[in-house]
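> Protein chains in written order, with our numbering: chain A, 36 to 442; chain B, 1205 to 1484.
There could be a bad hint or two in this list.
[What the hints assert, rightly or not] Sample of chain B residues facing chain A (criterion: CB under 10 Å; computed from the structure):
hint: 1; residue: L1240
hint: 2; residue: P1268
hint: 3; residue: Q1271
hint: 4; residue: Q1285
hint: 5; residue: Y1308
hint: 6; residue: A1466
hint: 7; residue: S1469
hint: 8; residue: D1470
hint: 9; residue: G1473
Hints are computed from structural coordinates only; laboratory data are not their basis.
Beta carbons are placed, not taken as given, at the ideal position from N, Cα and C, and that holds for glycine.
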Amino acid sequence: MTAPVQPNSFKTGPDERGYFGIYGGRFVAETLMPLILELQQAYEDAKADPAFKAELQALSTHYAGRPSKLYFAEGLTKHLGGARIFFKREDLNHTGSHKINNCLGQILLAKRMGKTRIIAETGAGQHGVASATVAARFGLPCFVYMGATDVERQAPNVFRMKLLGATVNPVTAGNGTLKDAMNEALRDWVSNVEDTYYLIGTAAGPHPYPELVRDFQSVIGTEARAQMLEQEGRLPDMIIAAVGGGSNAIGLFHPFLDDRDVEIVGVEAGGHGVDIENGHAASMTGGRPGVLHGNRTYLLQDADGQILEGHSVSAGLDYPGVGPEHSWLRDTGRVQYVPIVDQEALDAFQVCTRVEGIIPALESAHAIAQAIKVAPTMAKDKTIIVNLSGRGDKDVHTVGKLLGMDI
Amino acid sequence: MTETRIDRRFASLKSEGRPALVTFMTAGDPDPDTTLALLKALPGAGADVIELGMPFSDPMADGPAIQAAGLRALKGGQTLQKTLDLVRTFRQSDDATPIVLMGYYNPIYSFGSEAFVAAAKAAGVDGLIIVDLPPEADDELCLPALEAGLNFIRLATPTTDDKRLPAVLANTSGFVYYVSINGITGSAAPDASRVAESVARIKRHTHLPVSVGFGVRTAEQAAAIGANADGVVVGSAIVSAVAASLDSEGRATPATVPAVLALVSDLAGGVRAARKSVAA
């Protein structure tokens, strides 16, 4: 694949048809096409409305707890003996991850559009919990599609969603993971077009979802950039985030894209290893471009174009695609995407817990693992921001099982 | 564009004064030999146009019956190339019955749009229905397909309003596939009188034949819908008949082909009674 032309700015996409280079677009059934055009218009209107911005700002501050802290991870820095590591503490947000940023923005959009029913897909359950939370806050019924496999491995989040009043629909199609949940959510949307708002949790799907999810998540990078300048007087040398669908990563990365001296690294789920077909979820390392869930992007697929399930120890990264903007950033070379395998993530999970006193989500542990790899090779005056996208309480059962403990 | 088998078939049925029976089945469900046997026998049982599903791992617009049919076919090793091979073999004995390939874009994108269009034309395919390619993406496959002389059949839905219809119809050829409900394949039966209004609405925008599908299962429904449409599409009911005939391992049995043909004969009776029931 030839590399696309280097743009003057990496922050201007998508174009009016929803493309980042060749990626993105609107590959949906005709039934949904009028709906996503309506959503696009509603989002344009909302962006131009100061009242929308003010309401989102107030909720972010008082409900979600923003701004999240930029924390100097002294324990991990000393342990590694290289570059200084900072955590962007999205784990401290209400509901325990970055997912609330997007959900607050989208629930306000749904309200503006007069929609009365919320549907969402979820993998790890973090987005399902965040969706159920904002639906409860605004008094809207919420239906969450979750792969049956994920329902089993993320039982605490399933219970939280139910407590919040959401209906959790286990999806048994396919392997019962995130992609199957997304298929089922799309089927629900096609069947309930009048009253239903589809609250997509990641920066993927048909235009305008990749753009609007990115915009709502960019608060992460905007804050982190200002905090780093305030605390250290300069920009970081490197920023790192885990990439499944890629919403926490694009949220951190986007405000830094035109800071050419900042090295940007996205961490994909290497699972059992990227050489093992269907043994990982690293779509940009081990996949090729294709069309799924409304957009063109890198996908894990077989020779016939059938989508593979992928594998990761982390349910939130277990998705065979990735947001289209990441695919474009990969091809342009602006962002480097690297795989971290299950074992490295599990090791990082434990190291972080022991030396920093923070239990990270298994998703975030992939980003930490990359920092553990590179920090010792960097000078002590260099700085790295790692996006601590979520807390790990939800993962203790999974990790316990893998460590041979019965919790 | 030159006249295709689809154009000729709808023209001749118009002179007969009855709607077309358009049957759908998934290629390779549960194996290619069964599909080939069905392809060869369907015209005799009364199918006027055959839609052949190209199985895909993630059929977002399909209900449980067609999802399951696709999984059975993929499990049996069906590929896009094998689907094209089935059409080529069928064409050796039938040069009249139109074949429409229906499915999702990714396997075609993976094959290569230009290469696929050429291979489909060479195999004897007449038209394409690609669920996840709206007119906004016409440059991907629709335009190359039209260029090669294949019909590109578009879905119009209840959400396609009068403002949007012209864009949907612009590059559509062969026929228009009206999706009678907002929903997935195999959902509840559509209301015949509402469908009649919708077909009339579409016909104000186009001279193309309009076929109606999603939710049609019985001869009675086919007759009611066909009274006001140029074609009636039946899919989930047919693949459900395939499913019901399989053994416990999911393999075809001697009952498979007869079961499907019995259903299709019955449906064919429905479309043949469609206009008579109106006249009566």
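> Quick check: which numbered hints come out false for this structure?
Numbers 1, 6, 7, 8 and 9 - these are the hints that the structure violates, sorted from lowest upward.
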